[in-house]
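All chains should be modelled from the sequences, with the hints used to inform the complete structure.
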Amino acid sequence: MRQVFWTLSTLLSHWRRRPGNFAALFVGLAIATALWSGVQALNAQARKSYDQAASVFSSGGAQSLTPASGATVPQDAYIKLRRAGWKVSPALEAAVLIHGAPYQLIGVEPLTLPRGGQLGGQIAARAEGGDFAAFLAPPGQTIAAPDTLRDLGAKEGDRVALDTGKILPPLRSSALAPPGALTVDIGVAQTLLDRPGQVSRLMLLKKPDAGTPPLASVVGEALRLPPPGEEEADLKRLTESFHLNLTAFGLLAFLVGLFIVHAAFGLAFEQRLPMVRTLRAVGASTRTLGAALFAEVALLALVAGGCGVIGGFELASALLPNVAASLDALYGARVAGRLALDPVWLLSGLGIALAGALAAAAGGLVKTLRLPILAAAQPFAWREAQRRFLRRRAILALLAFGAALAAYGFGDSLYSGFAVLAGLLIGAALLLPVLLSAALRLGERFAHAPLPNWFWADSRQQLPGLSLALTALLLAFATNVGVGGMVEGFRQTFAHWLDERLAAEVYFEAAGEPQARRIEDWLKRQPEVQALLPGASASVRLSGWPTGVIGMAADATYRDHFPMLDQTPDAWDAMKRGDSALISEQLWRRLKLGLGSSLDLPTARGMWRVQVVGVFPDYGNPKGQVRVDIDALSAHWPEAPRVSYGVRVAPAEAPRLIAALQARFGQDIARIADQAAIRKISTRIFEHTFAVTTALNTLTLVVSAIALLASLTTLADMRLAQVAPVWASGVSRRRLAQLEFLRIVALTAATAIVAVPLGLALAWCLVAVVNVQAFGWRLPYEMFPAQWASVLALALLTAAVAAIAPILRFVRTTPAQLARIFANER
Amino acid sequence: MNAKALAFVLLALGSPAAAQGFAGLGGEAAGFEQVVPGKPLVFPQDFGAHPTFRTEWWYLTANLTDETGAPYGVQWTLFRQAGTPGEERSGWANQNVWMGHAAVTTATDHVFAETFARGGVGQAGALAQPFHAWIDDWSFSSEGDGLARAKISASGDAFRYAFDLAADGPLAPQGDGGFSLKSDEGGASYYFSQPFYKISGVVTLRGKEVKLKGLAWMDREWSSQPLGKTQKGWDWFSLHLASGEKVMLFRLRDETGRDFQAGTWISAGGAPQKLDRDDIVLTPLAQNEIAGRTLPARWRVQVKSRGLDVETKPVNPASFMATSFPYWEGPIAFDGSQRGEGYLEMTGYAPQAQR
Numbered sequence: 001m002r003q004v005f006w007t008l009s010t011l012l013s014h015w016r017r018r019p020g021n022f023a024a025l026f027v028g029l030a031i032a033t034a035l036w037s038g039v040q041a042l043n044a045q046a047r048k049s050y051d052q053a054a055s056v057f058s059s060g061g062a063q064s065l066t067p068a069s070g071a072t073v074p075q076d077a078y079i080k081l082r083r084a085g086w087k088v089s090p091a092l093e094a095a096v097l098i099h100g101a102p103y104q105l106i107g108v109e110p111l112t113l114p115r116g117g118q119l120g121g122q123i124a125a126r127a128e129g130g131d132f133a134a135f136l137a138p139p140g141q142t143i144a145a146p147d148t149l150r151d152l153g154a155k156e157g158d159r160v161a162l163d164t165g166k167i168l169p170p171l172r173s174s175a176l177a178p179p180g181a182l183t184v185d186i187g188v189a190q191t192l193l194d195r196p197g198q199v200s201r202l203m204l205l206k207k208p209d210a211g212t213p214p215l216a217s218v219v220g221e222a223l224r225l226p227p228p229g230e231e232e233a234d235l236k237r238l239t240e241s242f243h244l245n246l247t248a249f250g251l252l253a254f255l256v257g258l259f260i261v262h263a264a265f266g267l268a269f270e271q272r273l274p275m276v277r278t279l280r281a282v283g284a285s286t287r288t289l290g291a292a293l294f295a296e297v298a299l300l301a302l303v304a305g306g307c308g309v310i311g312g313f314e315l316a317s318a319l320l321p322n323v324a325a326s327l328d329a330l331y332g333a334r335v336a337g338r339l340a341l342d343p344v345w346l347l348s349g350l351g352i353a354l355a356g357a358l359a360a361a362a363g364g365l366v367k368t369l370r371l372p373i374l375a376a377a378q379p380f381a382w383r384e385a386q387r388r389f390l391r392r393r394a395i396l397a398l399l400a401f402g403a404a405l406a407a408y409g410f411g412d413s414l415y416s417g418f419a420v421l422a423g424l425l426i427g428a429a430l431l432l433p434v435l436l437s438a439a440l441r442l443g444e445r446f447a448h449a450p451l452p453n454w455f456w457a458d459s460r461q462q463l464p465g466l467s468l469a470l471t472a473l474l475l476a477f478a479t480n481v482g483v484g485g486m487v488e489g490f491r492q493t494f495a496h497w498l499d500e501r502l503a504a505e506v507y508f509e510a511a512g513e514p515q516a517r518r519i520e521d522w523l524k525r526q527p528e529v530q531a532l533l534p535g536a537s538a539s540v541r542l543s544g545w546p547t548g549v550i551g552m553a554a555d556a557t558y559r560d561h562f563p564m565l566d567q568t569p570d571a572w573d574a575m576k577r578g579d580s581a582l583i584s585e586q587l588w589r590r591l592k593l594g595l596g597s598s599l600d601l602p603t604a605r606g607m608w609r610v611q612v613v614g615v616f617p618d619y620g621n622p623k624g625q626v627r628v629d630i631d632a633l634s635a636h637w638p639e640a641p642r643v644s645y646g647v648r649v650a651p652a653e654a655p656r657l658i659a660a661l662q663a664r665f666g667q668d669i670a671r672i673a674d675q676a677a678i679r680k681i682s683t684r685i686f687e688h689t690f691a692v693t694t695a696l697n698t699l700t701l702v703v704s705a706i707a708l709l710a711s712l713t714t715l716a717d718m719r720l721a722q723v724a725p726v727w728a729s730g731v732s733r734r735r736l737a738q739l740e741f742l743r744i745v746a747l748t749a750a751t752a753i754v755a756v757p758l759g760l761a762l763a764w765c766l767v768a769v770v771n772v773q774a775f776g777w778r779l780p781y782e783m784f785p786a787q788w789a790s791v792l793a794l795a796l797l798t799a800a801v802a803a804i805a806p807i808l809r810f811v812r813t814t815p816a817q818l819a820r821i822f823a824n825e826r
Numbered sequence: 001m002n003a004k005a006l007a008f009v010l011l012a013l014g015s016p017a018a019a020q021g022f023a024g025l026g027g028e029a030a031g032f033e034q035v036v037p038g039k040p041l042v043f044p045q046d047f048g049a050h051p052t053f054r055t056e057w058w059y060l061t062a063n064l065t066d067e068t069g070a071p072y073g074v075q076w077t078l079f080r081q082a083g084t085p086g087e088e089r090s091g092w093a094n095q096n097v098w099m100g101h102a103a104v105t106t107a108t109d110h111v112f113a114e115t116f117a118r119g120g121v122g123q124a125g126a127l128a129q130p131f132h133a134w135i136d137d138w139s140f141s142s143e144g145d146g147l148a149r150a151k152i153s154a155s156g157d158a159f160r161y162a163f164d165l166a167a168d169g170p171l172a173p174q175g176d177g178g179f180s181l182k183s184d185e186g187g188a189s190y191y192f193s194q195p196f197y198k199i200s201g202v203v204t205l206r207g208k209e210v211k212l213k214g215l216a217w218m219d220r221e222w223s224s225q226p227l228g229k230t231q232k233g234w235d236w237f238s239l240h241l242a243s244g245e246k247v248m249l250f251r252l253r254d255e256t257g258r259d260f261q262a263g264t265w266i267s268a269g270g271a272p273q274k275l276d277r278d279d280i281v282l283t284p285l286a287q288n289e290i291a292g293r294t295l296p297a298r299w300r301v302q303v304k305s306r307g308l309d310v311e312t313k314p315v316n317p318a319s320f321m322a323t324s325f326p327y328w329e330g331p332i333a334f335d336g337s338q339r340g341e342g343y344l345e346m347t348g349y350a351p352q353a354q355r
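Chains A and B supply the protein sequences, listed in that same order. So that you can map any letter, position 504 of the first sequence is 504 in the UniProt record's numbering, and since no number is skipped, the others follow by simple counting. So that you can map any letter, position 281 of the second sequence is 281 in the UniProt record's numbering, and since no number is skipped, the others follow by simple counting.
No lab work stands behind these hints: they were computed from the structure. Where hints are given, some of them may not hold.
[Unchecked claim] Below 27 Å or equal to it, Euclidean Cα-Cα: the simulated DSS-like pairs (lysine-lysine) are:
{"no.": "1", "chain 1": "B", "residue 1": "K208", "chain 2": "A", "residue 2": "K207"}
{"no.": "2", "chain 1": "B", "residue 1": "K211", "chain 2": "B", "residue 2": "K313"}
{"no.": "3", "chain 1": "B", "residue 1": "K198", "chain 2": "B", "residue 2": "K208"}
{"no.": "4", "chain 1": "A", "residue 1": "K680", "chain 2": "A", "residue 2": "K592"}
{"no.": "5", "chain 1": "B", "residue 1": "K198", "chain 2": "B", "residue 2": "K313"}
{"no.": "6", "chain 1": "B", "residue 1": "K198", "chain 2": "B", "residue 2": "K211"}
{"no.": "7", "chain 1": "A", "residue 1": "K206", "chain 2": "B", "residue 2": "K274"}
{"no.": "8", "chain 1": "B", "residue 1": "K151", "chain 2": "A", "residue 2": "K80"}
{"no.": "9", "chain 1": "B", "residue 1": "K274", "chain 2": "B", "residue 2": "K198"}
[As the list claims (entries may be wrong)] If the Cβ cut is set under 10 Å, some of the chain B residues that face chain A in the computed set are:
{"no.": "10", "residue": "M99"}
{"no.": "11", "residue": "G120"}
{"no.": "12", "residue": "G122"}
{"no.": "13", "residue": "A124"}
{"no.": "14", "residue": "D137"}
All C-beta atoms, glycine included, are put in the ideal place defined by N, C-alpha and C.
Written out as structure tokens, the structure reads:
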């Protein structure tokens with residue numbers, strides 16, 4: 001035991017003498033752990049929130065009636081059901097933003113809520129303080145968990161404003177409140193959300209008994225009773241791809257981090273070979289040495305991993321608002337705005353750090369333990385060793401590419417998409433030193449003077465030490481090109497698609513059918529209105545997948561503008577006939593339909609068979625969509641309210657028309673927005689979605705730059721021994737410094753050049769494989785040379801910055817030192 | 001005098017006013033319309049809601065029998081309580097809270113239900129002409145003008161009932177022409193009854209359908225501050241005498257020991273006669289343990305001027321309403337100088353632990 005301790009102390013002394021090497025190891029491991037555990041924390045938080053959100057309304061298996069189509073139904077449905085004997089309690093829920101952070105606003109009706117449930121309980125708990133009437137009487141109360149109050153930076157009694165400017169009732173704290181939820185009276189919620197007379201669900205307090213009239217006879221098809229667990233299942237299924245995507249990026253970042261750790265350990269083992277030899281010579285057994293080395297790795301992993309876990313927590317906290325916002329916008333899933341530190345997560349973070357460190361150190365460990373005592377400490381015959389090393393790498397790279405190809409050819413899931421990505425990246429990473437070595441050998445062949453000859457040969461000799469850092473850099477650059485290209489491509493496509501899709505200038509939804517008819521009549525009489533595009537919708541399940549059926553008029557506006565991927569020549573006329581439908585790309589892919597296929601839509605009156613005459617892109621919609629003629633929709637779903645409208649006016653007239661509609665119809669209009677507002681909202685959703693991707697991407701790049709810096713710093717010391725003879729041969733320090741700088745920049749530039757095609761392959765893989773599997777839609781593949789240039793510039797800048805410190809150190813080395821090193825080493 | 005109900009709403013809502021007198025009924029009523037003597041009842045308006053008053057209720061109790069002669073009791077009550085005074089606001093901002101209680105009692109069974117609703121949205125309400133009071137699917141509505149013919153229905157976890165009502169006598173104003181004094185401090189309510197209903201219909205009790213018929217008594221009462229600050233509970237009787245006469249009696253128990261009593265003697269033809277406070281003697285006989293409380297099980301009821309001296313017995317001593325605010329309410333039978341049946345309500349008996 002004492003032997004192990006002293007051996008360990010001796011080994012650890014290395015890090016004190018090589019702080020650069022230690023920094024690389026520490027930073028690499030910490031960042032790898034941080035990125036990985038950060039992503040895990042985000043996913044865990046999201047999943048926990050789904051469960052909590054589900055339990056808010058379904059604690060004890062309670063069910064809710066939900067709108068058959070759309071987000072809300074008129075509260076009239078609630079009154080009708082109560083008066084028919086249905087024991088239901090209304091709620092209106094929506095996500096709200098406060099200081100940019102999302103919260104769940106829940107409007108409830110306390111008198112009909114069961115006291116035993118979570119929502120009723122929190123109000124009842126407040127009531128014991130004598131405040132139940134205060135919840136109802138103006139201004140009412142906002143009940144929130146203590147954590148939520150802390151997030152809001154508010155205390156009991158404060159009135160907080162939503163980002164829309166509306167002010168919440170005074171806050172009251174209740175330990176029973178769900179996290180991130182703000183519970184108010186339903187009337188208050190309707191006002192805050194501008195949804196007068198609307199409810200989003202009716203909680204079923206008790207199964208209707210035999211004497212209660214059936215649901216459909218009371219409210220028609222306006223409400224449905226989803227089977228238990230369906231809502232949660234839908235949410236989990238819809239968000240699964242999102243989380244998988246996040247996990248994949250986390251894994252990528254983790255791997256890049258491990259490359260750094262591997263490089264740092266590799267160097268440390270290399271540099272400590274003489275020390276190890278000495279230790280063995282003075283009597284340390286292989287077992288003692290092994291135990292000490294293992295303990296060292298574990299110790300470093302725990303220290304760096306611990307810092308990484310803390311960093312991961314901070315990272316996740318910083319990214320959470322964006323993740324929450326995109327989950328909410330895309331799937332209507334609410335995620336609590338504050339992370340809770342979970343001990344299981346903490347331990348798993350440390351575990352992955354340890355596993356990662358062991359994996360990264362495994363090669364070095366084995367090599368050190370197998371070292372013959374009397375073997376020379378200096379690496380020898382490096383050329384021969386390198387040739388073997390490169391050959392092995394080339395073979396492995398080919399295997400990885402082969403695996404990627406196989407995954408692409410045979411797989412059709414998101415996992416196989418990621419397998420393609422992984423194969424591509426690993427293959428490229430393995431191949432990089434081979435390519436660089438080949439390039440350097442080529443350079444060597446053309447060099448005819450001693451100094452250039454030395455330059456090329458020396459560069460090749462350095463390659464193994466630098467290759468891991470360069471590989472990390474390659475992955476980061478490639479990811480940057482790939483992800484950047486995908487995001488930019490998507491942004492452009494999406495903007496264009498929105499322009500086409502949002503053909504009308506003003507969109508509104510009437511509060512009900514009679515109001516809709518009145519508004520329609522009035523609009524038809526307005527001279528500035530060029531066209532009125534009514535809409536109606538119904539919800540169905542196709543092969544178990546939630547799908548919206550949208551009724552639209554085959555108006556000239558749509559014929560001219562509605563973006564399509566594919567269509568039959570007479571698609572619009574066929575649709576107008578009422579026996580044909582346009583389907584979304586997601587549906588087309590999922591159901592494997594083609595133009596001319598027939599599709600059975602379940603209606604209350606049996607199956608309605610339509611023919612598929614067109615496929616349209618429907619970016620960002622997690623559900624399927626079918627578009628049919630509005631009159632045909634009304635014929636098959638007479639209860640589907642025709643309350644949505646698009647209005648074509650000259651863009652300049654839009655604000656005036658909105659003002660006129662609001663002034664004239666007031667509360668008869670449930671929602672109204674102009675095209676610009678809708679575009680802004682939609683664009684924001686997608687910015688949020690890619691904010692996380694971009695953040696992880698940038699972090700990966702930073703990690704790689706650190707890796708390069710660390711590798712160069714560590715190498716600098718070793719370099720002196722190799723450069724000293726050259727200096728002794730008469731090459732000036734200045735000249736040598738220039739050559740050093742040139743070498744680093746050239747290698748980095750070469751790496752960046754390899755990164756561009758790899759990035760393009762990655763981007764293609766993301767848009768054509770991963771995205772299709774994850775979201776069901778395919779992005780157009782576009783190239784952005786300007787972006788490549790910026791990545792190249794960034795690479796050169798990174799190299800320059802990373803090279804400066806070691807070179808300065810070299811330049812500052814006095815001739816006397818160089819002479820001494822030369823003398824000692826030879 | 002079924003003011004019990006208000007107590008529930010106030011307690012259920014945890015209003016700070018609950019600390020005032022019994023369940024807030026002795027609390028401040030500033031801003032609400034006050035009950036004053038000499039104001040005549042106006043029909044049909046007074047069938048409907050009076051939003052300017054703080055509280056009111058529609059209340060029906062019935063003594064019925066099935067085809068074998070087994071006794072049944074049925075209760076249907078709707079309460080309205082305003083949280084704050086002022087003009088009635090529309091939608092969810094409406095300040096009224098409505099509460100319904102319904103029960104079916106037999107000698108061996110007692111089932112009840114309770115439901116709440118917010119005003120302003122249509123879940124509950126009371127219209128005067130034609131009369132219609134409702135909460136959820138519970139309904140009390142007239143058939144034609146006035147209250148002479150009506151239908152009433154309610155349902156709960158274990159029961160469902162629907163009855164037809166037909167009155168063979170006039171409405172009876174209580175107190176002085178409908179002004180019913182409740183305390184020496186001047187607390188009062190407007191109060192009238194329809195004690196002459198014949199009732200028939202069907203109750204489904206625990207899945208079993210039973211045809212019933214009998215006598216029913218309707219009370220209609222509204223006020224803003226019916227009770228004195230020290231009045232803590234009451235005992236209320238409605239009696240159908242075999243002679244066809246009807247009697248209403250109540251005793252408001254006062255902390256100070258000076259209980260307030262009042263009553264009305266209604267002739268078989270429907271002429272109401274106010275009873276003097278000292279004319280009425282209500283004496284609890286045997287006590288009964290129920291729901292952790294000790295309550296009078298049998299009473300000696302005397303109206304000296306009329307020679308009434310009877311002993312009442314509950315159809316089911318366990319007619320306890322374990323609602324948000326619990327009380328005893330159930331059918332009774334009586335014997336003595338007169339025979340007959342009726343309903344008894346006893347409120348404000350605290351559980352043992354709180355005594």
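How the hints compare with the structure:
1. K208/B - K207/A: 19 Å, holds
2. K211/B - K313/B: 24 Å, holds
3. K198/B - K208/B: Within the cut-off at roughly 23 Å; holds.
4. K680/A - K592/A: Since the Cα atoms of K680/A and K592/A sit roughly 33 Å apart, the hinted pair is violated (cutoff 27 Å).
5. K198/B - K313/B: Given that 27 Å is the threshold and the Cα spacing comes to 22 Å, the pair holds.
6. K198/B - K211/B: Between K198/B and K211/B the Cα gap is close to 14 Å, so the pair holds against 27 Å.
7. K206/A - K274/B: 46 Å, violated
8. K151/B - K80/A: The given pair, whose Cα atoms are some 20 Å apart, holds under the 27 Å limit.
9. K274/B - K198/B: 24 Å, holds
10. M99: Result: holds, 8 Å to nearest chain A Cβ.
11. G120: 8 Å, holds
12. G122: 5 Å, holds
13. A124: Holds: closest Cβ of chain A sits about 9 Å from A124/B, inside 10 Å.
14. D137: Status holds, d = 4 Å.
In the structure shown, a violation is registered for the earlier hints numbered 4 and 7, in ascending order.
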